[in-house]
Amino acid sequence: MKSDITFGQYVEGNSLIHRLDPRMKIVLSILYIVTIFLAKSVTAFALLTLSAFLLIALTGLSPAMILRGMRPLLFIIVFTAVFNIFWMTGDTLLISLGPIKIYLEGIINAVLIILRIVLLIVATSVFLTYTTTPLALTDGLEQLLAPLKKLHVPVHEFSMMMTIALRFIPTLIDETQKIMNAQKARGADFSTGNLLQRAKALIPILIPLFISAFRRADELATAMECRCYTGGEGRTRMNVLRSTPKDWAAAFVVLVLGAAIVLANLYFPLYGLTL
Amino acid sequence: MATIELNNITFTYNKNTPSAVCALDHVSLKIDGAADGITGLIGHTGSGKSTLVQMLNGLLKPDEGQVILDGTDIWAEPKKIRDVRFKAGLVMQYPEYQLFAETVREDIAFGPKNMGLTGDELNTRVLEAAKFSGLSHELLDKSPFELSGGQKRRAALAGVMAMQPKILILDEPAAGLDPVGRRDILGGIRKYAGESGTTVIIVSHSMEDMAMYCDKLVVMADAKILMHKTCAEVFSEYQKLTSVGLDVPQITRIASALAENGVDIGADIYTVDYAVKQLLKQRQRGGVS
Chain D
194 MKSDITFGQY
204 VEGNSLIHRL
214 DPRMKIVLSI
224 LYIVTIFLAK
234 SVTAFALLTL
244 SAFLLIALTG
254 LSPAMILRGM
264 RPLLFIIVFT
274 AVFNIFWMTG
284 DTLLISLGPI
294 KIYLEGIINA
304 VLIILRIVLL
314 IVATSVFLTY
324 TTTPLALTDG
334 LEQLLAPLKK
344 LHVPVHEFSM
354 MMTIALRFIP
364 TLIDETQKIM
374 NAQKARGADF
384 STGNLLQRAK
394 ALIPILIPLF
404 ISAFRRADEL
414 ATAMECRCYT
424 GGEGRTRMNV
434 LRSTPKDWAA
444 AFVVLVLGAA
454 IVLANLYFPL
464 YGLTL
Chain X
16 MATIELNNIT
26 FTYNKNTPSA
36 VCALDHVSLK
46 IDGAADGITG
56 LIGHTGSGKS
66 TLVQMLNGLL
76 KPDEGQVILD
86 GTDIWAEPKK
96 IRDVRFKAGL
106 VMQYPEYQLF
116 AETVREDIAF
126 GPKNMGLTGD
136 ELNTRVLEAA
146 KFSGLSHELL
156 DKSPFELSGG
166 QKRRAALAGV
176 MAMQPKILIL
186 DEPAAGLDPV
196 GRRDILGGIR
206 KYAGESGTTV
216 IIVSHSMEDM
226 AMYCDKLVVM
236 ADAKILMHKT
246 CAEVFSEYQK
256 LTSVGLDVPQ
266 ITRIASALAE
276 NGVDIGADIY
286 TVDYAVKQLL
296 KQRQRGGVS
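Going down the list, the sequences are from chains D and X.
Sequential numbering from 194 applies to the first sequence in the working numbering.
Sequential numbering from 16 applies to the second sequence in the working numbering.
Don't take each hint at face value.
[Unchecked claim] So the derived label-pair ranges between C-beta atoms look like this:
1) Leu434(D) to Arg268(X): 27 to 37 angstroms
2) Cys421(D) to Arg268(X): 34 to 44 angstroms
3) Leu389(D) to Trp90(X): 26 to 36 angstroms
4) Ala49(X) to Met258(D): 55 to 65 angstroms
5) Leu341(D) to Thr60(X): 22 to 32 angstroms
6) Leu341(D) to Pro33(X): 34 to 44 angstroms
7) Asn22(X) to Phe276(D): 19 to 29 angstroms
8) Lys94(X) to Leu287(D): 48 to 58 angstroms
9) Thr60(X) to Arg409(D): 14 to 24 angstroms
[Stated by the list, open to error] Pulled a few chain X residues facing chain D out of the computed Cβ check, cut under 7 angstroms:
10) Asn72
11) Leu74
12) Lys76
13) Trp90
14) Ile96
15) Arg100
16) Phe101
17) Met107
18) Tyr112
19) Gln113
[To be verified] Output of the computed footprint for chain D on chain X, the stretches with three or more beta carbons under 8 angstroms from beta carbons of chain D:
20) 169-179
21) 248-256
In short, the hints are calculated from the structure, not lab data.
Predicted model only: the values in this text are computed from it and were never measured.
From the three backbone atoms N, C-alpha and C, an ideal C-beta is built for every residue, glycine too.
Bound-form chain D, shown alone (with noise of 0.2 angstroms):
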């Protein structure tokens, strides 16, 4: 196991998007979101693909790196891809062999799907994890979910369990470290035997983590009783959430590509997708 495991994808950095107000981020995401399942033509998704990388220019991170952390979807990507080009019909027949027929449609319909998952994830990641810490993320979460409190949801308590497991994530990964290596030291072995040797061989390290998470969890609940956390009944925060202009202009020009991509897919309806 690695010592430097680092938790979420999120990128220091003091960039526009950076700097956006977490709440209109999750907002601009969805937004985002829908305008690419509005997409339906080639147009659209140049226009799409074009506003993706503006958007990755204006966060300062590296597309290379954005590209890297899709790896693991590359399975999804590369199936979805070979399924379209095979099993799609169309107009234009490109190669026939024997059964295998391939159209022009299905080869232009599995780029614009592969478009669209990239799309996504671009999307997703650059508003959310690579330029928002997880902590302002919950935070804006918990308060764009607010409305729901008039309906008996115990919004505050389910941002309070996240932020609280997002902070222990690091400090457990610490502990089974320490435990790894007091089990190491008397001899324990986690690499070597069958699948069944192995799981067994995780005991020592479970049973003394989830003791110490169980530990930590009644110190933590002592610890916010002593300084009279009662929930989120009437609870101020330090870092209040503003939205400012800057907000409502990103929202602005996300509109106006949902707009565009609308119009595109009307009067430039070229190669429509079906899916």
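Guided by the hints, dock chain X onto chain D, whose structure is given.
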């Protein structure tokens, strides 16, 4: 032949990343178990103590240099690194958090079992280790989670002692214990070292404990070894110790203050008993009225 020999060891955490930290910088050290008695390892937080002890049992691999135990380079055969861990037993900081088995007996047996021991041999070792660490017999069949803090610490200690390592390394064995608990644990370790002939290395922050239970001291500062001398020699270099953020035992401070005020009873004072003896000697000579 030295029991432990570190040869120009260098180690960097998060190598080749912006957060790289050099924890050991060309460190060389020789410890001869039979001649040196108990060795204490002291240093400020982040001086590389914990990294150094993790080098000794192969939990960390040096970037450069060799770790030689009993004349063999432990990384000569990386696949046999587990055997090194049985030879150099390491008790980590707060070892009570590593307990996991259903009974104390089973937990102590975890190490020896990993060595392939079974039956009577295993039993004898568990009982011996329990005796050395001061765990009473009736505690052995309890769950480790029913024990008190001090008892848990002893159980964890016994878990490593039961492997009967040639070298026993203890990282802050007395941290977080009350004075009586500290004395019992450290005294027990001292007794164990004497009776079993194990080479013992203790890492600690407490200068009083070090002065009381160690024979030689290794002082670390900024990823390097600053001194490796006897307690008396190390503590007589008051200035050098304070310059790297370390303290000396209270009695050494008193002796140094006395010296400044004209009552010189020697710079090598580090235990109360010795200080009293020196003071009395001074009085006989007529130095103090």
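Do the hints match the structure? See the list:
Look at Leu434(D) against Arg268(X): about 53 angstroms separates their beta carbons, and that is not inside 27 to 37 angstroms. The beta-carbon spacing between Cys421(D) and Arg268(X), approximately 43 angstroms, falls within the hinted interval of 34 to 44 angstroms. Between Leu389(D) and Trp90(X) the CB atoms are about 31 angstroms apart, so this pair conforms to the stated range of 26 to 36 angstroms. The given range of 55 to 65 angstroms is respected by Ala49(X) and Met258(D), whose C-beta atoms sit roughly 56 angstroms from each other.
The hinted range of 22 to 32 angstroms is not satisfied by Leu341(D) and Thr60(X), whose Cβ atoms lie roughly 46 angstroms apart. At about 41 angstroms, the beta-carbon gap between Leu341(D) and Pro33(X) stays in the expected band of 34 to 44 angstroms. In this structure, Asn22(X) and Phe276(D) break the distance hint of 19 to 29 angstroms, their C-beta atoms being roughly 59 angstroms apart. Between Lys94(X) and Leu287(D) the beta carbons are some 55 angstroms apart, a value that agrees with the proposed interval 48 to 58 angstroms.
Checked against the given bound of 14 to 24 angstroms, the beta carbons of Thr60(X) and Arg409(D), roughly 22 angstroms apart, stay inside it. Annotation: Asn72(X) was flagged as interfacial toward chain D, and the flag holds, the nearest CB pair being 6 angstroms apart, inside 7 angstroms. Of the supplied interface hints, the one on Leu74(X) holds, with its beta-carbon coming within about 5 angstroms of a beta-carbon of chain D, less than 7 angstroms. This hint is violated: Lys76(X) has a C-beta 13 angstroms from the nearest C-beta of chain D, more than the 7 angstroms allowed.
A distance limit of 7 angstroms between C-beta atoms decides the matter here; for Trp90(X) the minimum to chain D is near 15 angstroms, and the interface restraint is violated. Proximity of Ile96(X) to chain D is violated relative to the hint, the smallest CB-CB distance being about 9 angstroms (cut-off 7 angstroms). Interface hint at Arg100(X): satisfied, since its Cβ lies 6 angstroms from the closest Cβ of chain D, which is below the 7 angstroms cut-off. Evaluation of the Phe101(X) hint against chain D yields a held restraint, the C-beta minimum of about 6 angstroms falling below 7 angstroms.
Hint status for Met107(X): holds, given a least beta-carbon distance of 5 angstroms to chain D, under 7 angstroms. About 6 angstroms separates the beta-carbon of Tyr112(X) from the nearest beta-carbon of chain D, less than 7 angstroms, and the hint is met. For Gln113(X), the suggested interface contact is upheld, since its CB lies about 4 angstroms from the closest CB of chain D, less than 7 angstroms. Check on the region 169-179 of chain X: 3 of its residues sit with their Cβ under 8 angstroms from a Cβ of chain D, so the three-residue criterion for coverage holds.
Interface restraint, the region 248-256 of chain X with chain D: violated (0 residues with C-beta to C-beta distance below 8 angstroms; minimum three).
Checked against the numbered hints above, the structure violates hints 1, 5, 7, 12, 13, 14 and 21; every other hint is satisfied.
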